[in-house]
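Sequence positions in the sequence shown follow our numbering and run 1 to 218.
Errors might be hidden in some of the hints.
[Unchecked claim] Each pair of labels, with its calculated beta carbon distance range:
1. Asp97 <-> Thr51: 17 to 23 Å
2. Pro142 <-> Asn173: 53 to 59 Å
3. Lys39 <-> Asn73: 52 to 58 Å
Source of the hints: derived by calculation from the structure; they are not laboratory data.
From the three backbone atoms N, C-alpha and C, an ideal C-beta is built for every residue, glycine too.
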Amino acid sequence: MIYISKEFTNTLKLTLPIPPSINNDYMKPKGVLKFNPIKKKYYAIGMMYETAEAKKFKKDMIKLIKEEIDKQNFEPIENPSFVYLYWTWFFPSVKNDTNNRYKCAIDAITEFSDKFKNLKIWNDDNISMNKDVKIYYDSKNPHVELEIKYAPDIGVFDNEEDYSKFINTYCNNCKKGNKIGQKGGCSIHKKILESRIIDEVEINFNTGEKKCLKFKQK
Numbered sequence: 001m002i003y004i005s006k007e008f009t010n011t012l013k014l015t016l017p018i019p020p021s022i023n024n025d026y027m028k029p030k031g032v033l034k035f036n037p038i039k040k041k042y043y044a045i046g047m048m049y050e051t052a053e054a055k056k057f058k059k060d061m062i063k064l065i066k067e068e069i070d071k072q073n074f075e076p077i078e079n080p081s082f083v084y085l086y087w088t089w090f091f092p093s094v095k096n097d098t099n100n101r102y103k104c105a106i107d108a109i110t111e112f113s114d115k116f117k118n119l120k121i122w123n124d125d126n127i128s129m130n131k132d133v134k135i136y137y138d139s140k141n142p143h144v145e146l147e148i149k150y151a152p153d154i155g156v157f158d159n160e161e162d163y164s165k166f167i168n169t170y171c172n173n174c175k176k177g178n179k180i181g182q183k184g185g186c187s188i189h190k191k192i193l194e195s196r197i198i199d200e201v202e203i204n205f206n207t208g209e210k211k212c213l214k215f216k217q218k
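Modelling step: build the complete structure from the supplied sequences, incorporating the hints.
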């Protein structure tokens with residue numbers, strides 16, 4: 001399957017309460033306490049479970065995503081390579097930080113994508129990339145502004161132009177080029193669309209130039 005990227009301006013903007021921290025609010029240990037004689041303290045063993053606060057946050061966020069997709073005419077992309085999450089934080093206190101704040105919101109996006117297949121933002125959250133834009137402190141109105149943007153990347157390629165250049169130079173002139181996406185077709189093409197660094201394709205990370213070392217002229 002070929003991964004097609006749209007314009008980078010395809011953006012979904014959300015205003016959310018501060019997500020629960022995974023350390024304290026999101027997950028709690030469920031089980032028995034066991035004493036560690038070396039560290040001289042008790043620790044919980046067993047499963048972790050979501051707090052009521054985390055469940056409510058995710059439920060509200062899933063509802064908001066659905067509403068804002070309709071309002072903003074956001075167009076989800078099928079099989080994106082990467083998704084950027086831009087966070088602008090408004091914490092209630094300087095004691096707060098961004099560490100461990102992402103997971104609850106990211107899980108909500110994943111659950112939304114599983115629930116609304118035709119509107120899913122991604123197939124798996126392993127393609128999400130967090131970027132903190134700015135941190136403010138606002139005791140009167142703590143919240144976070146989240147912008148979801150599809151990256152222009154297509155696998156190892158920087159954008160559609162970069163991808164097309166490689167295809168036109170190598171794949172379209174290669175003996176296996178006519179079998180791209182088919183059974184028994186070029187495995188190299190499939191791997192580089194999965195962002196894999198492989199020996200068969202030489203990448204110059206300074207210039208961005210990419211060269212197929214297994215190219216065979218038709």
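- Task: Tell me, in ascending order, the numbers of any earlier hints that this structure violates.
- Result: none
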